[in-house]
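J.: Each chain, letter by letter, is given below.
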Amino acid sequence: MIEVFIISAAVILISIALAFIRLIIGPTIPDRIVGLDTINTLVIVGMILFGAAFKESIYIDVAIVYALLSFVTTMLVAKYLEGGRM
Amino acid sequence: MVVTIIIYTMLAIGIFFNLLGSIGLLRFPDVYTRLHAGTKCTTFGSMFLTGAVIVYGLKEWYLHPVAGSSIMPLHVFIALIAILVTNPTGAHAIARAAHKSGVLPVNAVVDDLKEDTTKEKTKKAKEAKK
Amino acid sequence: MVMKAFAVTSVVSFVTYLLLTTGSGDLWMWSASEIIFGIILALIVGFIARKIFIKNSYRMLNPIRWFRGLVYLIGPFFIAMAKANLDVAYRVITGKIRPGIVKISPGLKTDLGITMLANSITLTPGTLSVDINNETNDLYIHWINVKDEALKKKPRDPSYVCNGFPKWIRRIAE
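Residue numbers (numbering that gives the first Met the number 0), protein chains in the order written: chain A, 0 to 85; chain B, 0 to 129; chain C, 0 to 173.
Just chain A, with the same shape it has in the complex (with noise of 0.2 Å):
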């Protein structure tokens, strides 16, 4: 049962180093937010998987703050880039 947990926290490894590659090409400053928002929920996920393959629950204890901090710099991110007051 552990072996498909990390088959498949690896494959979401591979999709993350997809997204980190708009990350780093996307051409305006929102595509890159994009793809960092999208790699936060795949690291999310990624921990949860690793958390269920070694039996570590504290793992998904960070998952849930990683969560709810990315999603604050999401918002930052996209209130400053709006350009009004914070």
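These aren't lab readings, by the way, just hints derived from the structure by calculation.
No residue lacks a Cβ here, since even glycine has one placed at the ideal position from N, Cα and C.
The calculated lysine-lysine pairs, modelled on DSBU-like cross-linking and capped at a C-alpha distance of 30 Å, are:
#1 K125(B) - K113(B)
#2 K78(A) - K125(B)
#3 K99(B) - K118(B)
#4 K146(C) - K82(C)
#5 K108(C) - K120(B)
#6 K128(B) - K113(B)
#7 K118(B) - K128(B)
#8 K99(B) - K120(B)
#9 K108(C) - K118(B)
#10 K50(C) - K78(A)
#11 K120(B) - K146(C)
#12 K113(B) - K166(C)
#13 K54(A) - K58(B)
#14 K108(C) - K146(C)
#15 K120(B) - K78(A)
#16 K95(C) - K113(B)
#17 K113(B) - K146(C)
#18 K50(C) - K108(C)
#19 K118(B) - K146(C)
#20 K99(B) - K108(C)
#21 K78(A) - K99(B)
#22 K146(C) - K99(B)
#23 K78(A) - K118(B)
#24 K113(B) - K108(C)
Not close to chain C: a few residues of chain B, all C-beta gaps over 10 Å, as computed:
#25 V1
#26 V2
#27 V54
#28 L57
#29 L62
#30 S100
#31 K120
#32 T121
#33 K122
#34 K125
Please arrange chains B and C on chain A, whose structure you already have, making use of the hints.
T.: Using the frame of chain A, we list chains B and C on its own:
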């Protein structure tokens, strides 16, 4: 045995959609369509992947009911709710910021938002002149 | 009135704390120290956040609304989401797109309702909410495959974009 098959299927579906989201992120031509791929596919794929982990955790809890084995499914469920609520909201914020910072959709058939914002701007300019 | 808001906020935050600390001890599932600390934290959070969490209406305390929300999530919402993903898969593979931004007036009034509708629209086939008009609650929606029938009338017909969602959300959140 049935549970194992369910877990395998859910993992397969989730991985497929997550990979598809990343490929769509590379293939689509502008920010908004990329957001379609990057938000919908990763949210749906993550639902299935976390669902697989929840089923796995519930099975472990059923097999070894010790204190502490209930942590995993519950916390994964909370993480799933966090993803479901924050992901579309973040996409909305990015789309709004992109439109306000002047990135327009490529080959757009219709753009009501641009029309409305230009109308407001002209109105404000007229008021400023008066 | 203030006391009720305080009590509701405290109870909700206490339940959240209990969910996050399951399996910590042998008092059914929690240890005594976690429960005491949770009560203290819940009281502090309830005092600070009572005005933000509750805006002068208690309609979401009605369990029937939560039950309707659950039915909505499992039934029409999940089906629409599955369709949305197959649709995006088709467009990723073939690359056929016809994008545009349309404006619809769903006719919802509360903040919670409009948030739920915008999130539902983002996760369902071919649509993504871009902006919102704060005064009239109109939504601007990026549509990946614009249909010609929808473009004829100027106040656009919402049923092309979100099939029947505003009705569900009115029953859940308003």
